[in-house]
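A.B. asks: Protein chains in written order, with the numbering used here: chain A, 479 to 745; chain B, 1307 to 1546.
Among these hints, one or two may not hold up.
Non-contacting residues of chain A with respect to chain B, defined by C-beta distances greater than 10 Å in every case (computed) [as the list claims (entries may be wrong)]:
{"hint": "1", "residue": "Gly491"}
{"hint": "2", "residue": "Ser492"}
{"hint": "3", "residue": "Leu506"}
When the alpha-carbon atoms are kept at most 27 Å apart in a straight line, the in silico DSSO-like pairs for lysine-lysine are as follows [stated by the list, open to error]:
{"hint": "4", "chain 1": "B", "residue 1": "Lys1510", "chain 2": "B", "residue 2": "Lys1350"}
{"hint": "5", "chain 1": "B", "residue 1": "Lys1362", "chain 2": "B", "residue 2": "Lys1541"}
{"hint": "6", "chain 1": "B", "residue 1": "Lys1350", "chain 2": "A", "residue 2": "Lys481"}
{"hint": "7", "chain 1": "B", "residue 1": "Lys1510", "chain 2": "A", "residue 2": "Lys481"}
{"hint": "8", "chain 1": "B", "residue 1": "Lys1442", "chain 2": "B", "residue 2": "Lys1541"}
{"hint": "9", "chain 1": "B", "residue 1": "Lys1350", "chain 2": "B", "residue 2": "Lys1541"}
{"hint": "10", "chain 1": "B", "residue 1": "Lys1431", "chain 2": "B", "residue 2": "Lys1541"}
{"hint": "11", "chain 1": "B", "residue 1": "Lys1365", "chain 2": "B", "residue 2": "Lys1431"}
{"hint": "12", "chain 1": "B", "residue 1": "Lys1365", "chain 2": "B", "residue 2": "Lys1510"}
{"hint": "13", "chain 1": "A", "residue 1": "Lys481", "chain 2": "B", "residue 2": "Lys1442"}
{"hint": "14", "chain 1": "A", "residue 1": "Lys481", "chain 2": "B", "residue 2": "Lys1541"}
{"hint": "15", "chain 1": "A", "residue 1": "Lys481", "chain 2": "B", "residue 2": "Lys1412"}
{"hint": "16", "chain 1": "B", "residue 1": "Lys1366", "chain 2": "B", "residue 2": "Lys1415"}
{"hint": "17", "chain 1": "B", "residue 1": "Lys1442", "chain 2": "B", "residue 2": "Lys1412"}
{"hint": "18", "chain 1": "B", "residue 1": "Lys1431", "chain 2": "B", "residue 2": "Lys1442"}
In short, the hints are calculated from the structure, not lab data.
From the three backbone atoms N, C-alpha and C, an ideal C-beta is built for every residue, glycine too.
So you can see what is in the structure, the chains are spelled out below.
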Amino acid sequence: MDKLFANPLAFIGSPDWRSLLMALAFSLPWLLLLAGPLRRRLWLWVAMAAGAVAFPVSIAWVQVPVQQGLNYFWQALLPGPPGAPLIYAIAIPSIAVSGLVQEATKLALAVLALRLAGVRRAAVSTAVAAGVATGAGYGGMEAFWVFNTIWSMGWNWGVVQLAGLAGLLGFAERFITVPFHIGAAAISAYGYGVRRPWRFWLLASGLHALLNYSAILVQTGAFSSLGTEAWVFFISALTVAAALRLRSGASSAGAPAGPAASPATQS
Amino acid sequence: MRPFRFRLLALASLLLTLVACSIGGSAGSEAAGAGLALGPAPWKNGDVARYDIIDKSGKKVGSDVFSFSLSGGAWVISDHTQGSNFEQQAQVRLDAASLQPLGEEKTVKADKTNYTLSTVYSRGKLVINAVVNGQKRNATISVPANGLDNDQLLMTLRALQFSDGYVAQFTNVVAANALKLATTVRVLGRETIQVPAGSFDCWKVELDFGQAKQYVWYDTAGQHDMVQYDNGATKSVLTR
């Protein structure tokens, strides 16, 4: 039986300065672009750092144990490893957990950052900026982990010479998924700003689960690795576009959101 | 107080990140530290070792045959692996004195991939020529002095100077995808292992690739035959 709790350090890997530079390069521009004038506020950067610290902890101590529990449940219920048709259904709860846990973590940190910064009734744009910051930290740290893994495997230009563009997929995927993390967190935080946190958190979690479901599709052979990247790109683009639209609506609305505010009236 | 608290938190986060990176060593992927102490080749010309490959439920899913021949100052380790939808033939050449890799010829036939690989190690470089599904590809990568080829690894470790608690580092070169994994080998202790070939008193050896660990059991006696190998998904067990 595998251990229920994982070590958070396993989700950082062996730190490498190249990973740090790349993770910052993939996440900081989004924060600077989307946070607007709030980027001068220190609390926003603290929120980003908190997002980074929360990534390995939330994965190791929340997501992995719940997914392990689901695995034990299916192992006890099924006589053997599930076949191709069944695995599509069995994977859904586990994939959904990844979205729910990660989006809940980012949202909770954004709310905490706003509270600690003394923003009691956050303007929607301020709430979105907090989400962008925690998303940038969380996604940036995930990228840091993935890059550390790639470097620790001895990635070099010879990999690309042998595998072609497929040798760059690990980097390309992070280039796409860091903005996804930011966009999804911005959507959740927008929900907090318009006093409809549950609805938008579930929306962000659903998008996250859709993105992660590609892992199952590639595992069963339904998707090629290139098809998976196309899927990830599509979901990420959709998420970022939704976040940008909500943000622009929030910016034009300007004033702190009241209980009656809704996405429809904001945009 | 509040701005000060935030500044402190931000500073602490930055420091943590920098410290973590410096601890991590940013040394890339090539292993540093104590290198492998290999003795002379423990096998003899013409030796053959046969293995069954079994899954976690104990079901046989393939077979693996290693054979050894001496040719012009070089050992040639031939490995034929056969699974239900996978066949691999590899011939890796080693310097007979140092057991350092000289090159390899390899053919892999799988469900969606057929490839042939031809490699040459020379003066700290590895030249890789591959044909993947009919497409020619080549690469040249640097190889550190402590580099061992992935396809020689399991058999070459039979030449370890086994002792309880022995630890050494080397770089595992996976020519098929030009990767170089910093690897730590640890002798964890002795264990008695039951396999189809019989019961053996073995050295249990851990191969730590950083992201994953694998375990190999070598006979404590004679030629230190590899008795069992566990890669996490399947086991190879000695059948003779």
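A.B. asks: Enumerate the violated hints, using their earlier numbering and listing them in ascending order.
C.D. replies: 1, 2, 6, 8, 10, 11, 13, 15
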